[in-house]
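S.K.: Protein chains in written order, with my numbering: chain A, 1 to 607; chain B, 1 to 363.
Read the hints as simulated data drawn from the structure, not as lab findings. Predicted model, so just to flag it, every value in this text is computed and none were measured. A couple of the hints might just be wrong.
Residues from chain B that keep clear of chain A, each with C-beta distances beyond 12 Å, as calculated [as the list claims (entries may be wrong)]:
| id | residue |
| --- | --- |
| 1 | SER57 |
| 2 | GLU104 |
| 3 | GLN108 |
| 4 | LEU172 |
| 5 | GLU219 |
| 6 | LYS273 |
| 7 | ILE343 |
The list that follows gives simulated cross-link-like pairs (lysine-lysine, BS3-like), each with its CA atoms no further than 30 Å apart [to be verified]:
| id | chain 1 | residue 1 | chain 2 | residue 2 |
| --- | --- | --- | --- | --- |
| 8 | A | LYS249 | B | LYS77 |
| 9 | A | LYS528 | B | LYS150 |
| 10 | B | LYS268 | A | LYS241 |
| 11 | B | LYS259 | A | LYS165 |
C-beta: ideal position from N, C-alpha, C; glycine also.
One-letter residues, chain by chain:
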Amino acid sequence: MQKKLVILLTLVLVFSVFSVVGAQEVKSPDTFTFVTIGDQSTLDPHFAYDTGSSEVIYQVYETLIDYDGESVQDFVPLLSTEIPSQENGLVNEDGSEYTFVIREGVEFSNGNSLTPEDVKYSFLRGMVSDRSGGPIWMLYEPLFGAGFAGLSDVTADLVGVEDPKQLTDEQAEEVLAALDEKITIDGNEVTFHLAAPYPPFLNIVAKGASWGSILDKEWSMEQGAWDGTAADIAASHDPVKEEDPLFDKMMGTGPFILTEWVNGDNVVFRRNDNYWGELANFKTAIIRNVDEWSTRKLMLLRGDADMIYAPTQYRAQVESEDGVVVTTGIPVLQNMNMVFNWDITTEGNNYIGSGEMDGEGIPSDFFDDQDVRKAFSYSFNYQAFLEQVRMGEAIQLRGPIVDPLLGYDENSDVYSLDLEKAEEHFRNAFGGELWETGFTMDLVYNSGNDPRKTAADMLKSYIERINPKFNINVRGVQWSTYLDASVRGTLPASFGGWLADFPDPHNFVQPFLASAGYYAGRRGDTYKEWAEEIGINDLISEGISTTDSTRREEIYKELQQMSIDHAIDLWIDQPTGSNTRRTWVEGWYPNAMRPGVDFYSMDKVAE
Amino acid sequence: MLGREFKKNYIYYTRKESYELLNYIIRRFLILPFILFGVTVLVFSMIMMLGPYQRLSTYINDPAQLKGQDMDELVAKYGLDDPWYEQYGRWIGGVAQGDFGWSESAGQPVSEAIFSRFPATLELAVFAVIPVIMGGIWLGVLSAVHHNQKFDHIIRIISTIGWSFPTFVFGLMVLMIFYGVLGWFPPGRLGADAAAIVRSAEFASYTGLNVLDGILNLEFGVVLDSFRHLIGPIVTLAIVWWSYILRITRSSMLETLRKDYIRTARAKGVAEKFVINKHARRNALIPVVTVAGPMVLGLLGGVVIVESVFGYRGIGQYAAQAAQQLDYSGILGVAMYFSFLLILINLIVDVSYAVIDPRIRLE
């Protein structure tokens, strides 16, 4: 019995040693496995507006131009052979026409050749399908001008029909003609005719922007996507996701071909051996979804994962391990703020106590008072948040614009924790009435979001210290409840954030500061009127329509300063990102506009 | 002689009794649609207690997706503000035509979401159920036979620890030891190489069960790799369930061993092994069958924690995901699946009682 046991233990030991030695070598050199969390919403590049979907689209589809390495301002050609500029004559004098010379000899992975017709069709199809809440507003705004955010705006303006699905045949012809004249073909060149100069236009069609993906026209129509006619506009517009013909199918010119998509589990790609450029280093690339951190960690350590998503709080568990490299401080064009509701909906609202200035609640215009907003801004411990919550991997926001975009100035004014100043503003608020009566309100966050909870706890802690009559209840609610309350406008203050669609300050000032912007809706009508009166909207319009970069910088700096001076929101932080991978991975580089991993740029090399 | 008579009783049914059994099974199946209808009405009405904007979280499940969304447009698009009976009518109308709706959380039709995950769950259940039940029974019998001896004490301590420890702790321990340190049993269903074989055009998927398909395709690398991936979850399940089954078996066995007929058998000089295996154990199994039913139901319904820890894409993972995202089509689909399983397994358990103990009649 003992002899058997010894033999068994020896076998176990030998097997284990071989197993561990094996883990130090490059595992599956022809396959790259990225293990992460989250899933994909769709594979249709015109429907996708989330990083999970865009990451998959990035591997298969290509755009006209690409970013040059880590830069988000410099470009290199992709399906276009040149980068349009006024110097090479591909951008006209006033910056309202961009011409792309289409690369020849490129084939889609089904063997169809890429033509300028495919390029035109791709953009028109995007503009026709234009699903509600989707990304296509980024094409409408430059091509049709400010105020045009979708097909419905064009149909309303042109033929007086607000719902494109209700167009008559005649109206549809008129609409198609209007779309058609925005993108023209001349030989091998495709020209975009903008409504006015739009400085970030190249960013909007650069790689990483899934809506700029080039489709195979013939293949797309075979799948049931828009057939290119006016008659099919109504049927193709705003599809229900599951009925969208390109929901789960892909056909691109990129270095990889989709092999399998099992939503929530994995996405498998195989190398496109007919790729027009240099072939990818991996025959197979896999994005695998594993929600459990310990499992992801072990997969990395065993070498079954080449790269993993490692949240900040767990990263210390792997960064000192052999064979693992962690890159931190990667620029991320994202911000986090607390949106003050200047016009709180009081009806059926259980987050504002009595709804009156009586110490038992807050009135609907609580945050309309600039002193209240400033007092809150002085009551937040920014440094502690950056160091303890973000583990030093974030910088304080100086307004909506993030580093390193135009208008961001690292020396501009910011708030810091200063309870004396906070008290001063609280004493001034509502003509001194607030200080006398006190207030009670709820600060709500969506359960599970720990940084938001900590931010709310911080405010509660400092503000209640200023005056014992001030009461803040921090409440965690389910995401569905949080969503419901923020839509109804019942939250006195809510957390917000924005991940750049394109690396330009306009993409931050428009949603955060403009009266028509997304966050203005959360602040209520009072803010919308105020922003118009104070000239914020005019500045934003001027900023996006001028090509003079000096003037643009002045405008965005001014907007940034206004957002601080008036404490429009509580501007919290801009996090930085990280990447965790095996040391055998070579060629990885960060780019703030890339949605996740780029298999094409990487290789696995034995150490 | 005693054993022979017992066997005769065990299998013998009159024509009338067989008819009654069949009648019972048919009746149970006939009430199935009514039960399923009741379950869906109940679940649907609970979901409808939430407002339209709350239910919108099915379509917007992350704050980052809020940008650019017109909430009212989305509510109208998905008919979330329609009266509840219209929404239920739409859903049940689809079900009548075999369409269980679209699962937003899975990104595919509900029926596909369940069917695509069912083979993984079934494979885990099939391979787990035998070691889990048999192991539990074996340990329980041994423990009873060695009542109040050292072995019994050790088993009881281990079973108490096993039953009180959270599953995810055991799961992580198994994963860390057998994968992290030894590298033997990786997470997931298949490794990259075996998965590539399964995805290839040459590999025919007959059942969706990787082990069986591997054998049918003569791809024994796939079979071995599937086993490697199954062992971790099975060991975790076994540790937890053994503790439960062995305790039931032990107490039932102890009770049976004190029965008069056991004393009589011993007095007649029947070998102890025969007394335990043929006389006592079989009679001690009825309570075990009672708990084995829900256990099999639990396995077939998917084991959320084990599936999550081992990255095993089964029905349990889907059910949790659908509930988290308020994906009402998904929740209703899973509820119907569970109800169907529950009825089926209860039926099997009831019939098993009659088969094991002829004194029990299905009336």
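S.K.: Okay, which hints does this one fail, numbers in order?
M.R.: Going through the list in order, the structure violates hints 1, 2, 3, 4, 9, 10, 11 and respects the others.
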